[in-house]
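A.B. asks: Since the structure of chain A is provided, determine the placement of chain B on it from the hints.
Protein chains: 2
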Amino acid sequence: MLRTELDLINRFFSGRQVQRKDVLLSLGDDCAVVKVPQGVRIAVSTDTLVGGTHFPLSANPAWVAHKALSSNISDLAAMGATPAWLSLALTIPKLDKIWLTAFSCSFFELADCFGMQLIGGDTTRGPLSITITVQGFLRENRILKRDGAKVGDWIYVTGNLGDSRAGLEVILNSRIYDNDPLAKELERRHYLSSPRVLVGQALLGLANAAVDISDGLISDLKNILKASCVGASVDVSLLPISQELVQFVGGSISTAQQYALSSGEEYELCFTVPEQEKSSIETKLVHCDVKVSCIGRIESIDTLNLHAKGESLNWKLNGYDHFKDNNG
Amino acid sequence: MLRTELDLINRFFSGRQVQRKDVLLSLGDDCAVVKVPQGVRIAVSTDTLVGGTHFPLSANPAWVAHKALSSNISDLAAMGATPAWLSLALTIPKLDKIWLTAFSCSFFELADCFGMQLIGGDTTRGPLSITITVQGFLRENRILKRDGAKVGDWIYVTGNLGDSRAGLEVILNSRIYDNDPLAKELERRHYLSSPRVLVGQALLGLANAAVDISDGLISDLKNILKASCVGASVDVSLLPISQELVQFVGGSISTAQQYALSSGEEYELCFTVPEQEKSSIETKLVHCDVKVSCIGRIESIDTLNLHAKGESLNWKLNGYDHFKDNNG
Numbered sequence: 001m002l003r004t005e006l007d008l009i010n011r012f013f014s015g016r017q018v019q020r021k022d023v024l025l026s027l028g029d030d031c032a033v034v035k036v037p038q039g040v041r042i043a044v045s046t047d048t049l050v051g052g053t054h055f056p057l058s059a060n061p062a063w064v065a066h067k068a069l070s071s072n073i074s075d076l077a078a079m080g081a082t083p084a085w086l087s088l089a090l091t092i093p094k095l096d097k098i099w100l101t102a103f104s105c106s107f108f109e110l111a112d113c114f115g116m117q118l119i120g121g122d123t124t125r126g127p128l129s130i131t132i133t134v135q136g137f138l139r140e141n142r143i144l145k146r147d148g149a150k151v152g153d154w155i156y157v158t159g160n161l162g163d164s165r166a167g168l169e170v171i172l173n174s175r176i177y178d179n180d181p182l183a184k185e186l187e188r189r190h191y192l193s194s195p196r197v198l199v200g201q202a203l204l205g206l207a208n209a210a211v212d213i214s215d216g217l218i219s220d221l222k223n224i225l226k227a228s229c230v231g232a233s234v235d236v237s238l239l240p241i242s243q244e245l246v247q248f249v250g251g252s253i254s255t256a257q258q259y260a261l262s263s264g265e266e267y268e269l270c271f272t273v274p275e276q277e278k279s280s281i282e283t284k285l286v287h288c289d290v291k292v293s294c295i296g297r298i299e300s301i302d303t304l305n306l307h308a309k310g311e312s313l314n315w316k317l318n319g320y321d322h323f324k325d326n327n328g
Numbered sequence: 001m002l003r004t005e006l007d008l009i010n011r012f013f014s015g016r017q018v019q020r021k022d023v024l025l026s027l028g029d030d031c032a033v034v035k036v037p038q039g040v041r042i043a044v045s046t047d048t049l050v051g052g053t054h055f056p057l058s059a060n061p062a063w064v065a066h067k068a069l070s071s072n073i074s075d076l077a078a079m080g081a082t083p084a085w086l087s088l089a090l091t092i093p094k095l096d097k098i099w100l101t102a103f104s105c106s107f108f109e110l111a112d113c114f115g116m117q118l119i120g121g122d123t124t125r126g127p128l129s130i131t132i133t134v135q136g137f138l139r140e141n142r143i144l145k146r147d148g149a150k151v152g153d154w155i156y157v158t159g160n161l162g163d164s165r166a167g168l169e170v171i172l173n174s175r176i177y178d179n180d181p182l183a184k185e186l187e188r189r190h191y192l193s194s195p196r197v198l199v200g201q202a203l204l205g206l207a208n209a210a211v212d213i214s215d216g217l218i219s220d221l222k223n224i225l226k227a228s229c230v231g232a233s234v235d236v237s238l239l240p241i242s243q244e245l246v247q248f249v250g251g252s253i254s255t256a257q258q259y260a261l262s263s264g265e266e267y268e269l270c271f272t273v274p275e276q277e278k279s280s281i282e283t284k285l286v287h288c289d290v291k292v293s294c295i296g297r298i299e300s301i302d303t304l305n306l307h308a309k310g311e312s313l314n315w316k317l318n319g320y321d322h323f324k325d326n327n328g
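Note that the protein sequences, when read in sequence, are chains A and B. All residue numbers for the first sequence refer to full-length UniProt numbering, where the first residue is 1 and numbers rise by one. All residue numbers for the second sequence refer to full-length UniProt numbering, where the first residue is 1 and numbers rise by one.
Chain A with its partners taken away, still in its complex shape:
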């Protein structure tokens, strides 16, 4: 019988996580207390997933847990930080043992992958919502920021782009795609992104700027451009696109490219690398086991110019914003 908040915490979230030596006090007191290694800076990020906004209320709880945590870890990756601690604020409409078991198992599986310890949080009753705060370590002056892009830098992205948006369409039209293995695979990719932590760390001292792609490549790249007071040209024919995405959009490469430009919640990295590092970038990232693609270059004119092998494009595309109606 689960009766109280404390029972809930004990049952699903206490004593399950890795025990880090730098956590002096964890769940069970008014605060957690952690010790920070000397010379280390702390990177902190908070993200919320709201049931009904960021995922359907009927979504697989294991996938929801993965998405919630990986979107947060992705922010650490984008700074080149080493994941350390996390806090989980979980609001649930009722004590559903099956849901909580699946959610917590998946949550700790991903946290364990990155050696992260759950140090605190809150469980409350209300409409389903998950807020996670992650913290990670950075060395002084070894930080990937948005504002460092320089004219002449090459623009890279990790992984494939666009699958997440296709997966979102599957989720929003689940009846149409029932029993379609391709659709199911894209839905899976939407939820189960891999935070590019190793890439972020490898880019320290190598890349001039980086972001993670949470609002769509165009939006996130524009954030780099704005912060760095530069522009860019992107060759859409170089965008990394999966065969599955092309198949999903009925074989139209240009539609797939538009998906790749505007797809939110990808949690791939977009980064810029100076000319002199271009030849070595793939070698330096080989241990990360992630595809990286060069898609364009930073320019002095402060616009984002899209072209296909030099041929100018006038696509009107927007990023992903939960306060617009582009999320169903």
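Any given hint could turn out to be false.
Pairs involving identical chains hold if they fit within one copy or between any two copies, as the list cannot separate such chains.
[Stated by the list, open to error] Calculated pairs, EDC-like style, for lysine to aspartate or glutamate (alpha carbon to alpha carbon, straight line, at most 20 Å): (1) 316 / 235; (2) 35 / 22; (3) 278 / 235; (4) 94 / 302; (5) 316 / 112; (6) 278 / 178; (7) 35 / 140; (8) 226 / 302; (9) 35 / 178; (10) 309 / 282; (11) 309 / 180; (12) 21 / 275; (13) 150 / 277; (14) 184 / 244; (15) 222 / 147; (16) 316 / 185; (17) 222 / 302; (18) 284 / 112; (19) 222 / 22.
Hints listed in this document are in silico derivations from the structure and should not be mistaken for laboratory results.
C.D. replies: Quick look at chain B alone, frame taken from chain A:
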């Protein structure tokens, strides 16, 4: 016109807060980056307030902001920590400029009081909910914990107890109490508690154990007892009770005492002090400008014994738990 999440953040939450020197990177990148003074431990706490669970959706947004932040700062106070940074995850059903203005002004007013800087967060669309993560500083081995209570310690509480529960009753029965100044005052006290940060800091090296009273004195004191493997006797006639509470419950002192024992979300501190410090405790807390009351003593038998001037009581009382139905 507010159109996007970024507009919202810029409009209400960027550039409004104090600028701490230890914040190297604040809102606007994937993570905030902070610098931790040498020898300092970090206390971290997260709390969520859900609209409709912890406050009515029609509640004054300024009061909601105060309650959300003060409940978090109270956790820092209970550890003796010095407040430093905070992250705000705000989920709102729509972009309501009037609501956001009142909320953000009150939020920053309280944050400024404690020199706290907003370093990050997330704004999302969905049912109204506020999750805050606060961080504060502690010196090594100077931490107020729950598990340090010793047999013979005197038990103290700050402020008055019970007003918060009376205020909650006013909120849940607003039609009955319309235009009643006493009820309005108790409602105000429910929302506008003062985190006892100065008391917590003054208790470092003085108190053996401390908690903040968020789930009701009985529940929270029991947490000290359980963690410390001790029991306690509490003289309910010594509980600090306001005249307004006695008036609210129709003059019954014992009803007011029962409110004081079970009232959640008080955000006063309960702490235990060894015999040798008893004579000096009020002097040492005089600069905090807060009433402190000695209400009982830690005992070896691991039960919580309630009495009135020595006369045993058999009151059945429970603490405050959002997963039970004691919250409306």
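A.B. asks: If any of the earlier hints don't hold here, list their numbers in rising order.
C.D. replies: 4, 5, 6, 9, 10, 11, 12, 16, 18 and 19
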